[in-house]
Structure formats: C-alpha cells, structure tokens
Amino acid sequence: MPAFAYEAPATVADAVDLLRRHGADAKVLAGGQSLVPLLNYHLADPRVVVDINDLPLTSVSAVDGRLHLGALVRHHQLGESSEIAARCPVLREAVALIGNVRVRSLGTLGGSLAHADPAAELPMITLALDGRFTLTSASGARTVGAREFFTGPLTTVMRPDELLTEIDVAAPPATGWAIEEIARRAGDFAIVAVTALVSLDAGGRVSQARLAFGGVAPTPVRALAAEDALAGHEPTAERLAGAATLARDALSPQSDAFVSGAYRRHLAGVLTRRALTRAVARART
Amino acid sequence: MKLLINGRTREVEAPAADQTLLGVLRDTLGIFDVKEGCGEGVCGACTVLLDGRPISSCLFLAAAVRGRAIVTVKGLEREGGLHPLQEAFVRHGAVQCGFCTPGMLLTALAFLETNPRPDRDEIRHALEGNLCRCTGYAKIVDAIEAYARNGDDRG
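Chain order of the listed sequences is A and B.
Numbers 1 to 285, taken from my numbering, label the letters of the first sequence in order.
Numbers 1 to 155, taken from my numbering, label the letters of the second sequence in order.
All the given hints hold, so there is nothing to weed out.
Covered stretches of chain B, as calculated for chain A (at least 3 residues, CB under 8 Å): (1) 13–27; (2) 35–42.
Examples of chain B residues lying across from chain A (beta carbon under 10 Å, computed): (3) Leu50; (4) Arg53; (5) Ile55; (6) Ser56; (7) Cys58; (8) Leu59; (9) Phe60; (10) Leu61; (11) Ala63; (12) Ala64; (13) Ala110; (14) Phe111; (15) Leu127; (16) Glu128; (17) Asn130.
Please keep in mind that the hints were generated in silico from the structure rather than gathered at the bench.
Just so you know, these numbers come straight off a predicted model, no measurement behind them.
Where is the CB? At the ideal position from N, CA and C, for every residue including glycine.
Extracted from the complex, chain A is given alone in its bound form:
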C-alpha cells in the first residue's frame, strides 16, 4: 500500500478542519469497504486518510415524518434497528442485498452514498425516498437533495473539504415497498436494481408511487413518468405493467463486458413490474 498519514479526529469540527487543510489530498475513511481495496491495489493515493469512525454520527431519529440517520450508521444496523424497521422497512430489505456479511459489519450509509456507485442499493433507495444529504465543512453546512447529489459514476456534488454527516429520508406511513435486483453472483453490484414504493388511499387507489433504478445510468435515476402514470389510479396488473413499460422506455442503459444495454433495459421493465406488484401487495396488508 502507498504511504499516507492517518488521522482519527474525535469531533466533526476537527474532521472538517483536516479536510479544509488537505483538500483533495485527503480521503475520508468510514467503513473502508470501498476505500481500503482501492488502497490495497494502489488505485487511490491519498496523502492523508481521515478516519471518521470516532465521530458521533451514529444516531437514528424520526422527526416530522422523516427518518434522520447519522452518516456512520452501518449496514447491519440498518437491518437490525427496530426504529428503521418500523419507519422505513425498505432499508432493511436493501441490507441483505449489499455486499457480503463482512461488508455489512463495517460499511456505512454515508460511505456508500459518498462513494456513489451507480449500481449500489443505498444511493438508489435514498433517491426513491427523497433523501436529503447534510454536507458539513469548516465554513458551515448545506443540505442537498438526492436528485442533485449524484452527478456521475462515483461522483457527487461534494467538495473535497466537505463531509457527509447526516442523511434524512421520507418515512411515509402505510407504504408498500419492494426491491428487485439481478446480479451475476451473490454480493455483486446489480446489473439492474429497482426500488418501488407505493402508498394507497382509503379507496385502494395509488396516492403516491416512487420508482428508482440502479445500474442503468451513470447515477441512480427516478422514473417520474411512470410514477405519475400510477398516481390516482387503481393498481391493476395492467396499470402496473403499463407503468413498468413507461419506466423501461425512458431508460437507455449502457452495455458492458457482461450484458448489453438492450438486456439491461428489458430487465428493468421486468423487474419494475415485479417490484410494483410486490409493493402493492404489501401496501394492501
């Protein structure tokens, strides 16, 4: 591994001061499940690694219908917290799809979002949940919505002197949810992943639908036209299939060494229909 200085600040103020001083020469270490492989293979060459694991960024709290999560909440905690299970069960469903058990022991919510892999589960889900990201720097804090946060593969709006400190997501009551994804092997990043969230009104019509994809574009993406096509309608099988087709037709995914863009697009349609069907069934229970 390359040589670098190791800093483990105890406060957010100290951490962002280090980032202010070292800028792009510094890398933030949270769970390390993406950064340390890059260090092991000499693909990242920071002068300073700022280990943020001592920072008090582990809280989980519900405020005004939104769930606030510290950036250092680990994947296994997303799966085990009763507060999260009660308010945002889709996060729990996501956890089983992330990496392997060792990644889930250490990996953090903030780390996954800041790393911004376009096929990762948590960026997709925070986009579906209208997530807001609190970015803290020595000059203050700002909040960025998930739709603005991701700008490209492994790229976000964060400046080198900013630290992602908190994420808050919509925690709508009585919402059905489902995640569908296909990966080549267990624990691999998804070829295509989709998150569906569906709320029904008292008459059984869709009051709100949310659809977000991973793996089909340089960033996670929402399927807004398909969401609009569902709102106000009864979620019949035909309606769900129509929305899935709309969502699919709005995508133009890339090809890679393993699958073609056309296959990804087809898969997106099939998985969307399955996810909506499952989400509606859950919303009815």
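Starting from the structure of chain A, add chain B where the hints point.
Showing chain B alone in chain A's frame:
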C-alpha cells in the same frame, strides 16, 4: 499498541498507517491461521471476528482497531481441542485444502449466534461471501447443519 486477540492482550509496535489488520496478524504476530486470499474483501479467507462480527481483516486498517476484541480461528479452541463445529467439519469432510476453512468457521459461528436453527438455504446465504474452490460447498453446509441440529446435546 495493544491488541486483544483470542482473549490475550498482545503488544505490538504502532503499525504503519497503511498496514492492514491482516498484515499485523500475519507479518508482525505470525498468526497464520488468518489467510490472505483476494485482498479486496471478496473471498472471506481473511475473516476475523471484531467484537463478534465477521470482518475482512484485509480491509481494516490496523491503526483503527481501538482496543476491540479480535477472534481468529485459533480462538475457537476448547480446552486444547477442536470446537464442536470444527469437529463437525472433520466428520463431514468439509475440509479439503483448508484455505477457506477458518473464514467458513468464523462466519458460520457468528451467523449461528443470531440464527441458531437455520435451514440449508439460510446457511447457504450466510456463507455467500466465503469462497471455497474445493468442496463445492455441500459438505460445508452439511457440517454446519449437523452442528446446529445437534445444538441441544452438544453440552
């Protein structure tokens, strides 16, 4: 720096910033029951338990241990003998070259802590991050299943 490994405190010189826990265990302390496979957290050969949870020691900077308890497969020893899960692995032929075995054992035991009566499918899911290139996994699943099933009369 102090490291708590298998219930014993070991004193080591402060590791270099870029040294992984795997590097300190093997190269500094000579604890060779921890294996290095892929170096990127995929194969599971370097699995250790950190405060009871499985981690890839190749993806953990040694400087970040902060006094937490580390368990390697050596720590499973019971009164100088094998742990009952190790005995089950031997009985069921779940060990061939042995390279993946420490990671398999530690991962399985951490899983069984919270899922003491898993079915085969749950065992397979629990091991999906641990690669074995010899056994085809069936005998490993057999061993874990038998161990879990016999839990009541293991003593």
